[in-house]
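J.: Here is what each chain is made of, one letter per residue.
Protein chains: 2
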Amino acid sequence: MFKERLAIRRGAWTKPTCGLAPSYIQANLVIVPYMNAYDFLLFCMRNPKSCPVIEVTDQGSYTPEVFAPDADLRTDVPKYHIYRYGEWTDEKIDIKEEWRNDFVSFLIGCSLTFENALMSQGIPMRHIENEQNVSMYQTNIPCKGAGKFHGNLVVSMRPIRVDRVADAIRITANYPSMHGSPIQVGYPERLGIKNIKSPDYGDPVEIKEDEIPVFWACGVTPQFVAQQSKIEMMITHAPGHMFITNRLDSEIEDY
Amino acid sequence: MFKERLAIRRGAWTKPTCGLAPSYIQANLVIVPYMNAYDFLLFCMRNPKSCPVIEVTDQGSYTPEVFAPDADLRTDVPKYHIYRYGEWTDEKIDIKEEWRNDFVSFLIGCSLTFENALMSQGIPMRHIENEQNVSMYQTNIPCKGAGKFHGNLVVSMRPIRVDRVADAIRITANYPSMHGSPIQVGYPERLGIKNIKSPDYGDPVEIKEDEIPVFWACGVTPQFVAQQSKIEMMITHAPGHMFITNRLDSEIEDY
Numbered sequence: 036m037f038k039e040r041l042a043i044r045r046g047a048w049t050k051p052t053c054g055l056a057p058s059y060i061q062a063n064l065v066i067v068p069y070m071n072a073y074d075f076l077l078f079c080m081r082n083p084k085s086c087p088v089i090e091v092t093d094q095g096s097y098t099p100e101v102f103a104p105d106a107d108l109r110t111d112v113p114k115y116h117i118y119r120y121g122e123w124t125d126e127k128i129d130i131k132e133e134w135r136n137d138f139v140s141f142l143i144g145c146s147l148t149f150e151n152a153l154m155s156q157g158i159p160m161r162h163i164e165n166e167q168n169v170s171m172y173q174t175n176i177p178c179k180g181a182g183k184f185h186g187n188l189v190v191s192m193r194p195i196r197v198d199r200v201a202d203a204i205r206i207t208a209n210y211p212s213m214h215g216s217p218i219q220v221g222y223p224e225r226l227g228i229k230n231i232k233s234p235d236y237g238d239p240v241e242i243k244e245d246e247i248p249v250f251w252a253c254g255v256t257p258q259f260v261a262q263q264s265k266i267e268m269m270i271t272h273a274p275g276h277m278f279i280t281n282r283l284d285s286e287i288e289d290y
Numbered sequence: 036m037f038k039e040r041l042a043i044r045r046g047a048w049t050k051p052t053c054g055l056a057p058s059y060i061q062a063n064l065v066i067v068p069y070m071n072a073y074d075f076l077l078f079c080m081r082n083p084k085s086c087p088v089i090e091v092t093d094q095g096s097y098t099p100e101v102f103a104p105d106a107d108l109r110t111d112v113p114k115y116h117i118y119r120y121g122e123w124t125d126e127k128i129d130i131k132e133e134w135r136n137d138f139v140s141f142l143i144g145c146s147l148t149f150e151n152a153l154m155s156q157g158i159p160m161r162h163i164e165n166e167q168n169v170s171m172y173q174t175n176i177p178c179k180g181a182g183k184f185h186g187n188l189v190v191s192m193r194p195i196r197v198d199r200v201a202d203a204i205r206i207t208a209n210y211p212s213m214h215g216s217p218i219q220v221g222y223p224e225r226l227g228i229k230n231i232k233s234p235d236y237g238d239p240v241e242i243k244e245d246e247i248p249v250f251w252a253c254g255v256t257p258q259f260v261a262q263q264s265k266i267e268m269m270i271t272h273a274p275g276h277m278f279i280t281n282r283l284d285s286e287i288e289d290y
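Those protein sequence lines, which keep their order, are chains A and B. Quick note on my numbering: the first sequence kicks off at 36 and runs consecutively. Quick note on my numbering: the second sequence kicks off at 36 and runs consecutively.
Treat each hint with caution, since some may be false.
Said to hold, decoys possible - Simulated pairs of lysine-lysine, BS3-like, Cα-Cα distance not exceeding 27 Å:
| id | chain 1 | residue 1 | chain 2 | residue 2 |
| --- | --- | --- | --- | --- |
| 1 | B | 265 | B | 179 |
| 2 | B | 127 | B | 38 |
| 3 | A | 84 | B | 84 |
| 4 | A | 265 | A | 131 |
| 5 | B | 131 | B | 265 |
| 6 | B | 38 | B | 183 |
| 7 | B | 183 | A | 183 |
| 8 | A | 50 | A | 38 |
| 9 | A | 179 | B | 84 |
| 10 | A | 131 | A | 38 |
| 11 | A | 232 | A | 50 |
| 12 | A | 84 | B | 179 |
Stated by the list, open to error - Some chain B residues close to chain A (C-beta under 7 Å, calculated; not the full set):
| id | residue |
| --- | --- |
| 13 | 76 |
| 14 | 88 |
| 15 | 102 |
If you're looking for bench data, these hints aren't it; they were derived computationally from the structure. The structure presented is a predicted model; accordingly, all values stated were derived computationally and were not measured. Note that CB positions come from ideal geometry on N, CA and C, so glycine has one too.
Let's have the full structure, built from the sequences with the hints guiding it.
T.: Dropping the structure here:
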């Protein structure tokens with residue numbers, strides 16, 4: 036197993052995973068009871084841009100057989116958030132005590148995965164340079180509902196230099212299972228974002244004069260929606276504190 | 036509504052839909068009781084190449100809100116197959132009498148959709164020229180299981196002239212939600228197909244001397260697997276007798 040996951044498992048790394056283990060595919064984690072799993076999977080299927088499901092474990096299993104058969108989803112995320120009836124009740128660095136045999140775990144593609152591709156083509160990621168978490172915002176764009184699950188899209192924002200915006204769109208469009216191309220370029224107010232300097236999740240990131248804010252659908256969407264559904268129990272990664280899989284970015288095309 | 040669907044609804048068209056309403060996206064239909072819907076959706080999610088789900092109706096609804104809000108899934112397929120406990124019991128041209136409030140309908144992408152693109156780029160489809168159904172075969176390739184649902188991949192075969200095989204692969208790769216690129220080229224025996232002249236579904240299609248048989252994952256897979264699972268009730272389209280949606284091939288990229 037690679038050293039970054041071991042550090043996370045031991046509790047030695049509890050920070051965001053932006054820039055950690057570059058080239059490995061990172062994933063959002065949402066764990067719900069089996070009785071809510073169908074509606075949640077259907078919600079994801081109906082909103083593939085924000086909720087690109089890459090793996091669903093069998094009921095009660097904490098092993099992602101496809102993306103990381105040697106991992107343990109109870110320990111291998113740097114920080115977990117626990118929600119009961121929609122209320123955030125705990126933040127933990129493992130969930131061994133909370134684990135139940137009726138839990139189903141969803142791994143959902145994460146835009147941190149394509150940041151490596153952007154950087155390798157000369158498009159810098161300021162939040163990584165500054166060792167920050169990416170900026171994330173709730174929007175006014177409704178998702179398609181499924182059963183109990185309804186709510187608005189959450190987006191991540193990266194400031195991109197004007198002359199590289201087209202490249203950033205082209206490059207990320209190659210990662211459809213990691214949110215793909217942006218959903219909007221340049222107009223936060225039309226997404227219902229009142230103050231770009233005050234993200235709802237993550238850290239504020241400076242936008243320089245020759246840069247445009249570019250917005251991608253974000254994997255926090257499903258956990259935001261699941262939280263609003265007030266289901267009895269839900270466990271997620273803390274925003275930005277992702278599950279790092281065994282697969283490489285370069286394999287994503289095969290998926 | 037376009038005339039082809041009206042003809043199907045009235046029972047005036049009960050033949051395969053290959054080549055019918057060209058440019059419209061065609062879909063496989065699988066209807067299962069709600070109690071089997073989660074496992075079936077999970078099976079599809081785990082086998083995206085053969086089971087690219089494009090829409091799931093709400094429980095009890097026969098309206099595909101996204102792909103054809105004016106359609107009625109009880110009448111708008113030329114021919115239905117009804118299975119009880121895995122046994123094929125009936126063939127019907129509508130399922131109004133069989134409809135139940137716990138039914139969930141799955142629309143699954145279909146390779147008939149990309150045939151239009153192939154033909155428009157000068158790659159002929161012999162089964163369409165001959166007014167036949169496409170040839171389909173069971174293979175020895177296991178799908179990833181989910182709950183009750185286990186089984187092998189079913190493929191469709193089209194003979195392609197040697198010098199156009201690369202083009203056919205390139206073109207169909209642009210339709211990932213319609214089975215995308217082929218799974219194999221040229222070696223039916225390695226897929227466990229004993230006699231290429233005797234397909235398990237559809238019609239036998241001649242392979243000429245300068246042609247290679249090319250195999251695509253087929254949307255009959257999920258219904259074959261659902262049949263093997265012996266669930267209490269399942270209704271599908273008859274192979275090749277697809278549901279024609281309101282959406283155009285050219286829109287598929289947007290999905």
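J.: State for each hint whether it applies.
T.: Going through the hints against the structure:
Our distance criterion of 27 Å between C-alpha atoms is met by residue 265 of chain B and residue 179 of chain B, whose separation comes to about 17 Å. Note on residue 127 of chain B and residue 38 of chain B: the hinted pairing holds, with a Cα-Cα distance of about 21 Å set against a maximum of 27 Å. Between residue 84 of chain A and residue 84 of chain B, the direct Cα distance comes to roughly 18 Å. Compliance with the 27 Å bound is thereby established for this hinted pair. The suggested pairing of residue 265 of chain A with residue 131 of chain A holds, with an alpha-carbon distance near 23 Å, which does not exceed 27 Å.
Distance hint between residue 131 of chain B and residue 265 of chain B is fulfilled; the C-alpha atoms sit about 23 Å from each other, no more than 27 Å. Pair hint residue 38 of chain B plus residue 183 of chain B does not hold up; C-alpha atoms about 39 Å apart against a cutoff of 27 Å. Distance restraint check for residue 183 of chain B and residue 183 of chain A: the Cα-Cα separation of roughly 25 Å lies within the 27 Å cut-off, and the hinted pair is therefore satisfied. For the proposed pair residue 50 of chain A and residue 38 of chain A, the alpha carbon gap of about 15 Å is at most 27 Å, so the pair holds.
Taken as a hint, the residue 179 of chain A and residue 84 of chain B pair is honoured in the structure, with Cα atoms around 24 Å apart against an allowance of 27 Å. Note on residue 131 of chain A and residue 38 of chain A: the hinted pairing holds, with a Cα-Cα distance of about 21 Å set against a maximum of 27 Å. About 22 Å separates the Cα atoms of residue 232 of chain A and residue 50 of chain A, which keeps this hinted pair within 27 Å; it holds. Restraint check for residue 84 of chain A and residue 179 of chain B: the C-alpha separation of about 24 Å stays at or below 27 Å, so the hint holds.
For residue 76 of chain B, the interface hint holds, the least distance from its beta-carbon to any beta-carbon of chain A being 5 Å, beneath 7 Å. Look at residue 88 of chain B: its Cβ gets to within about 6 Å of chain A, closer than 7 Å, so that hint holds up. Given hint, residue 102 of chain B at the interface with chain A, is violated; its Cβ is 12 Å from that chain's nearest Cβ, farther than 7 Å.
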